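> Following the hints, put chain Z in place on chain C, whose structure we already have.
Sequences listed follow chains C and Z, in order.
All residue numbers for the first sequence refer to this note's numbering, where the first residue is 1 and numbers rise by one.
All residue numbers for the second sequence refer to this note's numbering, where the first residue is 1001 and numbers rise by one.
Honestly, I wouldn't trust all of these hints.
Unchecked claim - Partial selection, computed: residues in chain Z whose CB lies under 7 Å from chain C: (1) I1065; (2) A1101; (3) T1104; (4) I1157; (5) D1197.
What the hints assert, rightly or not - In the SDA-like style, the derived pairs of lysine to any residue whose C-alpha atoms are separated by at most 20 Å in a straight line are: (6) K1147(Z) - E143(C); (7) K147(C) - K1147(Z); (8) K147(C) - R1210(Z); (9) K1147(Z) - S45(C).
Said to hold, decoys possible - Stretch by stretch, here's where chain Z covers chain C in the computed footprint (C-beta under 8 Å, at least three residues): (10) 135-146; (11) 151-160.
Derived by calculation from the structure, the hints in this document are not laboratory data.
Nothing here was measured: the structure is a model prediction, and the numbers come from that model.
Glycine included, C-beta positions come from ideal geometry on N, C-alpha and C.
Here is what each chain is made of, one letter per residue.
Number of protein chains: 2
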Amino acid sequence: MSAVEKKAVVLVSGGLDSATCLAIAKSEGYQCYALSFDYGQRSSSELTAAGQLTRYFGALSHQIIPLGIGRLGGSALTDHSVDVPIDGVVLNQIPATYVPARNTVFLSYALAWAEVLHADAIFIGVNALDYSGYPDCRPEYIEAFEKMANLATKASIEGHPIRIRTPLIRMTKAQIVSMGTGLGVDYSLTVSCYQADEEGRACGRCDSCRLRRMGFANAGIVDPTQYFFSPSLT
Amino acid sequence: MSAVEKKAVVLVSGGLDSATCLAIAKSEGYQCYALSFDYGQRSSSELTAAGQLTRYFGALSHQIIPLGIGRLGGSALTDHSVDVPIDGVVLNQIPATYVPARNTVFLSYALAWAEVLHADAIFIGVNALDYSGYPDCRPEYIEAFEKMANLATKASIEGHPIRIRTPLIRMTKAQIVSMGTGLGVDYSLTVSCYQADEEGRACGRCDSCRLRRMGFANAGIVDPTQYFFSPSLT
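So that you can see chain C by itself, here it is in the shape it has in the complex:
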């Protein structure tokens, strides 16, 4: 198989990690099929960012799947009656923004598309260091999903296995920012904030913003993020 024929489904949320993941898949020669989800996020600017990123990196297709998962409840990201934690502790606890079985649902759709496309890989930008509170970001979870996936599909029983690729899983945020910058990622297109406004400007204070800011700072790279709370960030 020549490099140009390799296909990958890439999960693209519109955030910093998935943008970097898309750049990595592209740099490895994959034809990229971008997959996003509309699951009642507070911030619709994430999906706008996802669309900009997939065009920027020349993805062959971008599908946005309406999940309908909000009706099952259980998360601050989909239940607007629950507060988003700001300036909180991330490590060693499960954040209130946890969406139940989120990566399992995301990867399952990716698997469905991968089978239709006869894709070789699924790329997901999970990270075990910064988000250790999420059980479905750990390597042992990814390995178990890959094993299950290769028992699940028509492709797998016909000898065309699928790989679940997690190139960021053991990287720090600073390492991710450095790598992505080297691959040409324009991080001003990405939205990480849990409560970004409609223009994609970030609060700068939620857990996701804090980790992102520290990443740029530790990498020694200028943070291109637009903040709407900028006076408090000095």
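Leaving out everything else, chain Z in the frame of chain C:
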């Protein structure tokens, strides 16, 4: 934990197998939460049947999730340009009605709801004998999904594991019909046909109808199914 506190998410398609599965979960003392999917099936009567069945068995809630999986293509059940096979061979080949990664997607949503509910089990009416062409109906697939699920969720890492229950997996269709009849299932409420009409009447000729008819015949139980092609079934 008393029996009355046990909760289960039960996947209910509206067909014969899932109706039996719901009856089994109920008979074991589970509080049942029924989950169905709208994925662009040709036959909307399946979902009508699912609603009737969940009321019949007193499920505490019935959610119908719009999947949006049809846009990913690849199946006769969701792509109306592909013919449904009739009077065909089922065993030892993968039917054209295969939906990619279907059970993985279904079980992933069930897992999300199970975590929110703190449920103990997910019931799915997969069957390895009648549908051996579907890789995601095999015991080794179910075991791999369960292992993955118990690494995926907040509940699992807090010591509340989830069981994937497949009580029908090694039963013949005749055994399923016999067991369900004993548990009070009214099979006239169920729809198995791939191309049932809006009243839920079956063609009697597609693979699903053929397996169902043989099940009743082999069990020696009168088939209550309404057929719209009845003259050809003598």
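> Does I1157(Z) pass the interface hint, meaning its C-beta sits closer than 7 Å to a C-beta of chain C?
holds, 5 Å
> Please verify whether K1147(Z) and E143(C) have alpha carbons no more than 20 Å apart.
holds, 10 Å
> Do the numbers back the hint for A1101(Z), that is, is its least Cβ distance to chain C under 7 Å?
holds, 4 Å
> Under 8 Å between beta-carbons, do enough residues of the segment 135-146 of chain C, three at least, approach chain Z for the coverage claim to hold?
holds (count 7)
> Counting residues of the segment 151-160 of chain C that have a beta-carbon nearer than 8 Å to any beta-carbon of chain Z, does the count reach 3?
With 6 residues closer than 8 Å to chain Z, the segment 151-160 of chain C meets the three-residue bar; holds.
> Let me know if the C-beta of D1197(Z) comes in closer than 7 Å to any C-beta of chain C, holds or violated.
Hint on D1197(Z): violated, closest Cβ of chain C at ~27 Å, above 7 Å.
> Are the Cα atoms of K147(C) and K1147(Z) separated by 20 Å or less?
Holds. K147(C) to K1147(Z) sits at ~10 Å (cutoff 20 Å).
> Holds or violated: are the alpha carbons of K147(C) and R1210(Z) at most 20 Å from each other?
violated, 33 Å
> Is the hinted pair K1147(Z) and S45(C) satisfied, with a Cα-Cα distance of at most 20 Å?
violated, 35 Å
> Identify whether the interface hint at T1104(Z) stands, where standing means a beta carbon of chain C within less than 7 Å of its own.
holds, 5 Å
> Hint validation: I1065(Z) versus chain C, beta carbon distance must be below 7 Å. Holds or violated?
Hint on I1065(Z): holds, closest Cβ of chain C at ~5 Å, below 7 Å.
Of the hints listed earlier, those the structure fails to meet are numbers 5, 8, 9, in rising order.
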